[in-house]
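*Asks:* The residues making up each chain are set out below.
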Amino acid sequence: MDRKNIAFFSIFLFLAVNVVSLSNVIEGYYGEESGRVYLFTAIALISTLMATIAFFIWRKEEYRK
Amino acid sequence: MPKENKNNNHHDDKDMMKLVDNLNRKEDASLNRRAFLKASFGATVAIGIASAPFSALSYFKGDGENDHLVEIANVDELGVGESKTFSYPTSENPAILVRTPDDRFVAYNNKCTHLQCPVFYEVKENILLCPCHKGYFDVANGHPMAGPPQRELPKILLEVKNGKIFAIGREVRHG
Chain Y
1 MDRKNIAFFS IFLFLAVNVV SLSNVIEGYY GEESGRVYLF TAIALISTLM
51 ATIAFFIWRK EEYRK
Chain R
1 MPKENKNNNH HDDKDMMKLV DNLNRKEDAS LNRRAFLKAS FGATVAIGIA
51 SAPFSALSYF KGDGENDHLV EIANVDELGV GESKTFSYPT SENPAILVRT
101 PDDRFVAYNN KCTHLQCPVF YEVKENILLC PCHKGYFDVA NGHPMAGPPQ
151 RELPKILLEV KNGKIFAIGR EVRHG
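Same order as they appear, the protein sequences are chains Y and R.
For what it's worth, the working numbering labels the leading residue of the first sequence as 1, then goes sequentially.
For what it's worth, the working numbering labels the leading residue of the second sequence as 1, then goes sequentially.
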């Protein structure tokens, strides 16, 4: 699998990670478990950052002439 | 024979034209692979960022309000199988004190963990019931037994001193 495909599919992986994280953050917030809220917020933000990197890698490869 | 062929070709052309008409070119252009990936990336970022405000709210809310002492009732005020409503830790958090048939005092915040309806004590079934959507909670530990609620009721820690019942703290997740 080349760089472009890895970047392409990893965005969907990060999307899944963010959905699970948001679900845990909301559960933690209503359960007043601040540790759980901070942990999953950190995971979601890191995942978002990595998705952004993956998106720019994909874009660079996709639009290369 | 050539005339027949010509007719067939004519029909084919017509069919092809119909197929081309079926294509909605605008949709085809906007829902291609690139656009799909861009939309997915947008969703990833939106969902990722959506979790941040909860952290901020959680940080500013703090944990300090959960453990102060409040007098609820006298011990002889409640008979076995009776209940009383009060508020703890703030006036925005309604709660219910129950004297169970086995003569124990238990207290929980009585906002249903499904959609915040008030929860009542049903003495006949010895159960906490949310009448809105028939959510049942175990009176012994506040955990959901049936119906839509998934989380337990926050438990209020009690202390009996000099014939009086005091709320001394709260555990939102327990057991």
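It is worth saying that the hints were derived from the structure and are not from the lab.
Each residue gets a CB set at the ideal place from its N, CA and C atoms; glycine is no exception.
Hints may contain errors.
[Claimed, not checked] Rough simulated footprint, nothing fancy, chain R against chain Y, three-plus residues with beta-carbon under 8 Å:
1) 3-17
2) 20-26
3) 35-44
4) 47-54
[Unchecked claim] To give a feel for the contact side, a few chain Y residues facing chain R, derived at Cβ under 8 Å:
5) TYR29
6) GLY31
7) GLU32
8) TRP58
9) GLU62
*Asks:* Against chain R, does the region 47-54 of chain Y show at least 3 residues with beta-carbon separation below 8 Å?
*Replies:* Since three or more residues must qualify, the claim that chain R covers the region 47-54 of chain Y holds, with 4 doing so at under 8 Å.
*Asks:* Check, residue by residue, whether the region 20-26 of chain Y contains three or more positions whose beta-carbon lies closer than 8 Å to a beta-carbon of chain R, and give the verdict.
*Replies:* Held - the region 20-26 of chain Y has 4 residues with a Cβ nearer than 8 Å to chain R, which meets the minimum of three.
*Asks:* Examine the region 3-17 of chain Y: at least three residues should have C-beta closer than 8 Å to a C-beta of chain R.
*Replies:* Since 5 is at least three, the answer is holds.
*Asks:* For the hint on GLU32(Y), just tell me whether its beta-carbon gets within less than 8 Å of chain R.
*Replies:* This interface hint holds because 4 Å falls under the 8 Å limit.
*Asks:* Is the interface hint for GLU62(Y) satisfied, with its Cβ closer than 8 Å to some Cβ of chain R?
*Replies:* Hint holds; GLU62(Y) Cβ to chain R Cβ min 7 Å, cut 8 Å.
*Asks:* How does the coverage statement for the region 35-44 of chain Y fare against chain R, requiring three or more residues with Cβ below 8 Å from a Cβ of that chain?
*Replies:* holds (count 5)
*Asks:* Is the interface hint for GLY31(Y) satisfied, with its Cβ closer than 8 Å to some Cβ of chain R?
*Replies:* 5 Å, holds
*Asks:* Return the status of the interface hint for TRP58(Y): holds when the least beta-carbon distance to chain R is below 8 Å, violated otherwise.
*Replies:* 7 Å, holds
*Asks:* Closer than 8 Å between Cβ atoms is the bar; does TYR29(Y) clear it against chain R? Give me holds or violated.
*Replies:* Hint on TYR29(Y): holds, closest Cβ of chain R at ~5 Å, below 8 Å.
Going down the numbered hints, you'll see the structure goes against none, and every one checks out.
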